[in-house]
Amino acid sequence: MSILNLALKSLNNRKTTALLTIFSIAVSVALLLGVERLRVEARNSFTSTVSGTDLVVGARSSPLNLLLYSVFHMGNATNNVTWQTYQELADNDAVAWTIPIALGDSHRGYRVIGTSGDMFTHYRYGDDQTLSFKSGEPFSDLFDVVLGSEVAATLGYDLGQKIVLSHGLESAALQQHDDKPFQVAGILEPTGTPMDRALMISLEGIEALHIDWVNGAAPRPMLAVSAEKVRQMSLEPSSITAYFVGLKSRIAAFRYQRAVNDYAPEALTAILPGVALGELWQLVGSAEKALQVISVMVLVACLVGMLTTILTSLNERRREMSILRSVGARPWHIFALMITESMIYGVAGTALGFAILYGLLFAIQPVLQTSLGLHIAVALPGTFELVLALVIIGCATVLGAIPAWRAYRNSLSDGLTVRL
Amino acid sequence: MPVIDLSNVIFGWGSAKPVLDIPELVVRRGEKVFIRGPSGSGKTTLLGLLGGVLTPSAGHVRVLGTELNSLTAVQRDHFRARHVGFIFQMFNLIPYLSVLDNVTLPLSFASDRLLAVQHSGRSPQEEARRLLGHLGLTDPTLLERPVTGLSIGQQQRVASARALIGSPELVIADEPTSALDFDTRSAFIQLLFSECEAAGSTLLFVSHDRSLESLFDRCLSLQDINRAVGEVH
Ligand SMILES: Nc1ncnc2c1ncn2[C@@H]1O[C@H](COP(=O)(O)OP(=O)(O)OP(=O)(O)O)[C@@H](O)[C@H]1O
Ligand SMILES: [Mg+2]
Chain A
3 MSILNLALKS
13 LNNRKTTALL
23 TIFSIAVSVA
33 LLLGVERLRV
43 EARNSFTSTV
53 SGTDLVVGAR
63 SSPLNLLLYS
73 VFHMGNATNN
83 VTWQTYQELA
93 DNDAVAWTIP
103 IALGDSHRGY
113 RVIGTSGDMF
123 THYRYGDDQT
133 LSFKSGEPFS
143 DLFDVVLGSE
153 VAATLGYDLG
163 QKIVLSHGLE
173 SAALQQHDDK
183 PFQVAGILEP
193 TGTPMDRALM
203 ISLEGIEALH
213 IDWVNGAAPR
223 PMLAVSAEKV
233 RQMSLEPSSI
243 TAYFVGLKSR
253 IAAFRYQRAV
263 NDYAPEALTA
273 ILPGVALGEL
283 WQLVGSAEKA
293 LQVISVMVLV
303 ACLVGMLTTI
313 LTSLNERRRE
323 MSILRSVGAR
333 PWHIFALMIT
343 ESMIYGVAGT
353 ALGFAILYGL
363 LFAIQPVLQT
373 SLGLHIAVAL
383 PGTFELVLAL
393 VIIGCATVLG
403 AIPAWRAYRN
413 SLSDGLTVRL
Chain B
2 MPVIDLSNVI
12 FGWGSAKPVL
22 DIPELVVRRG
32 EKVFIRGPSG
42 SGKTTLLGLL
52 GGVLTPSAGH
62 VRVLGTELNS
72 LTAVQRDHFR
82 ARHVGFIFQM
92 FNLIPYLSVL
102 DNVTLPLSFA
112 SDRLLAVQHS
122 GRSPQEEARR
132 LLGHLGLTDP
142 TLLERPVTGL
152 SIGQQQRVAS
162 ARALIGSPEL
172 VIADEPTSAL
182 DFDTRSAFIQ
192 LLFSECEAAG
202 STLLFVSHDR
212 SLESLFDRCL
222 SLQDINRAVG
232 EVH
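From first to last, the protein sequence lines stand for chains A and B. Using the numbering used here, the letters of the first sequence map in sequence onto residues 3 to 422. Using the numbering used here, the letters of the second sequence map in sequence onto residues 2 to 234.
The set of hints was computed from the structure by calculation and includes no laboratory data. All C-beta atoms, glycine included, are put in the ideal place defined by N, C-alpha and C. Check each hint, because a few of them may be wrong.
[To be verified] Calculated lysine to any residue pairs in the SDA-like style (CA-CA distance at most 25 Å, straight line):
hint, chain 1, residue 1, chain 2, residue 2
1, A, LYS17, B, TYR97
2, A, LYS11, B, PRO147
3, A, LYS17, B, THR149
4, A, LYS11, B, ARG130
5, A, LYS250, A, ASP95
6, A, LYS11, A, VAL29
7, A, LYS11, B, ASP140
8, A, LYS11, B, THR149
9, A, LYS17, B, ARG146
10, B, LYS33, B, ARG63
11, A, LYS164, A, ASP180
12, A, LYS164, A, GLN185
13, A, LYS11, B, SER99
14, A, LYS11, B, GLN126
15, B, LYS18, A, ASN412
16, A, LYS17, B, GLY150
17, A, LYS11, B, PRO141
[Said to hold, decoys possible] To be clear about the criterion: a stretch of chain B counts as covered by chain A if any three or more of its residues have a C-beta under 8 Å from a C-beta of chain A, and this derived list gives those stretches:
hint, stretch
18, 60-68
19, 76-83
Whole structure, please, built from the sequences with the hints as guidance.
Right under this line is the structure:
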């Protein structure tokens, strides 16, 4: 009978404690792996919020501020970009496409983005994905609106629904654009990006809403322009808030950035969103570090728990060790037996941990995808996972050397005296 | 060449005065020796010295011509595994192994004894069944069961089969019959004798049961050979 066999049978004899120990290790391994997986996926999904966009251009401000309001729709632009400037810079030879965005209105706490149809053809997020429609289609009429998935789900809107947009962003005391209601033309699939929380209308729609407004105040009734009349008017926007740029070749990115930053007629800032997002993640990403530290702590606690379990079992197993020695087991056999035991804990715990993780991933992947738009790939374990598994098994084995050494010492001092 | 040759052996537990002080003890090959003595007189301690589990503070312990004192701890372990079969006073089976696994256990630690079994043309399991059969343990379902389900007497017989498997040169039994009834005890002694004779093994047998004395070649009283005044309980 091999040492391994003996260790297995011995563990089998202490099934309950053994299984509990293995299970606790497994849970902590799954936790550690899961946190790591989520962390990586969250970072990936975060930094690829605007993956297809090479540059974002807005009025002169800090890169972070520009990123926050243009991509995450948080905070406000310090200034606008005039339509003329936009036209001029979008005409640059290096530019393949642009997506203008005009912010400033909202609907029940969700931001309204005025944009062009290019949003639905050129905007890319995640792994080169485009915005796709759960139902309906891009806006075509002046008063069409497209809803992000969360907006539609939370407010319970469906295609054809008439909604009224509000002027400004604060939820209290908003003035309503109730003279020009919009109709839901399309609802997007979840993307896991801020787009889920946005409503999109055409730039002309934005213009139409504000055509009769003077200095940010609603028109007096006699000066108001009705929804029918506005259709006949020229609705060329006078300004936008920012625009996204796709270049023909990424090599031109720095050149275009310089061209924008040095643009004389207007003070502008161009940022490379990938870089800015990475910087922002550094800022918000400290929570992930905390999570990581916690899951490592949990694992350490579980390994110490294993150590305690083995050490406690040593006393009741002193007799077993003496018997083994009396039938010819050498002290190093006893040592090997104990080490093997903790290795079994390590291996079984890690394997079960992987099983739990993958089981959970398979179970929640569709849920995460549909509800959060967070795509978690259920891939084979990567180098990180394998290294981690080896480290855990290694730690369990090294820790196991402590009780193994004690058992070895005991077996030497006890000799064949069977103690009870 | 004597199987056991002790000269001027002194052994004490810790700093206390010696438990054993034996000027001479010689056991020849194939002898069956009965050892008696009051509880606490040092019988088990003596067997530990002979098995190379304990080392004397002075004197020589020669077993099968090997000076045990000159061996390292590892070598002594090796020596014991190869040459000595132990039957203990009590509680000496591995609880989580089946009867058969318990009996064949020494073979995984001593290749010589495994070879001896293979030499007889039997597999370890067959050999275990044969020995157990002689001891009246034949029920096949019983043999596959964990030993915890056995009576004390049955356990003692399993332990004996384990000591005998692989024909060790020296069989050391420490009160193996204390839990056996009269009939089983007779069968047990018979097996012990016939196995030892078949293998040419030497038998050291410690017991309080003086009715067995007459069956042995020789009877030793520990108090007679031990000069140390044991702390008798
Ligand atoms: N591991 C030990 N550590 C310290 N002292 C011990 C140890 N084992 C035995 N002794 C002491 O050595 C003496 C002899 O013990 P031993 O077990 O050899 O007696 P014994 O003759 O086998 O008794 P019994 O017939 O009750 O089995 C006793 O006084 C005992 O207290
Ligand atoms: Mg004793």
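Here is how each hint holds up against the structure:
Our distance criterion of 25 Å between C-alpha atoms is met by LYS17/A and TYR97/B, whose separation comes to about 11 Å. Between LYS11/A and PRO147/B, the direct Cα distance comes to roughly 11 Å. Compliance with the 25 Å bound is thereby established for this hinted pair. A C-alpha spacing of about 16 Å is found between LYS17/A and THR149/B, which places the hinted pair at or below 25 Å, so the restraint holds. Proposed proximity of LYS11/A and ARG130/B is supported: the alpha carbons are some 21 Å apart, at most 25 Å.
For the given pair, LYS250/A sits about 9 Å from ASP95/A by alpha-carbon distance, which is consistent with the 25 Å threshold. Restraint check: the Cα-Cα separation between LYS11/A and VAL29/A comes to about 24 Å, which is no more than 25 Å; the hinted pair holds. For the hint linking LYS11/A to ASP140/B, the alpha-carbon distance of about 23 Å falls within 25 Å, and the restraint holds. Note on LYS11/A and THR149/B: the hinted pairing holds, with a Cα-Cα distance of about 14 Å set against a maximum of 25 Å.
Straight-line distance between C-alpha atoms of LYS17/A and ARG146/B comes to about 17 Å, which keeps the hinted pair within the 25 Å bound. A hinted pair counts as satisfied when its Cα atoms are at most 25 Å apart, and LYS33/B with ARG63/B qualifies at roughly 18 Å. At roughly 11 Å between alpha-carbon atoms, LYS164/A and ASP180/A fall within 25 Å of each other, so this suggested pair holds. A distance of roughly 4 Å separates the Cα atoms of LYS164/A and GLN185/A; the hinted pair therefore holds under the 25 Å criterion.
As the CA atoms of LYS11/A and SER99/B are separated by approximately 10 Å, the hinted pair is consistent with the 25 Å bound. Between LYS11/A and GLN126/B the alpha-carbon distance is near 18 Å, which keeps this suggested pair within the 25 Å criterion. Proposed proximity of LYS18/B and ASN412/A is supported: the alpha carbons are some 24 Å apart, at most 25 Å. Restraint check for LYS17/A and GLY150/B: the C-alpha separation of about 18 Å stays at or below 25 Å, so the hint holds.
Distance restraint check for LYS11/A and PRO141/B: the Cα-Cα separation of roughly 20 Å lies within the 25 Å cut-off, and the hinted pair is therefore satisfied. Coverage of the stretch 60-68 of chain B by chain A is violated in this model, with 0 residues showing a Cβ closer than 8 Å to a Cβ of that chain against a need of three. Restraint check on the stretch 76-83 of chain B versus chain A: 5 residues with Cβ-Cβ distances below 8 Å, three needed, restraint holds.
The earlier numbered hint that this structure contradicts is number 18, and it is the only one.
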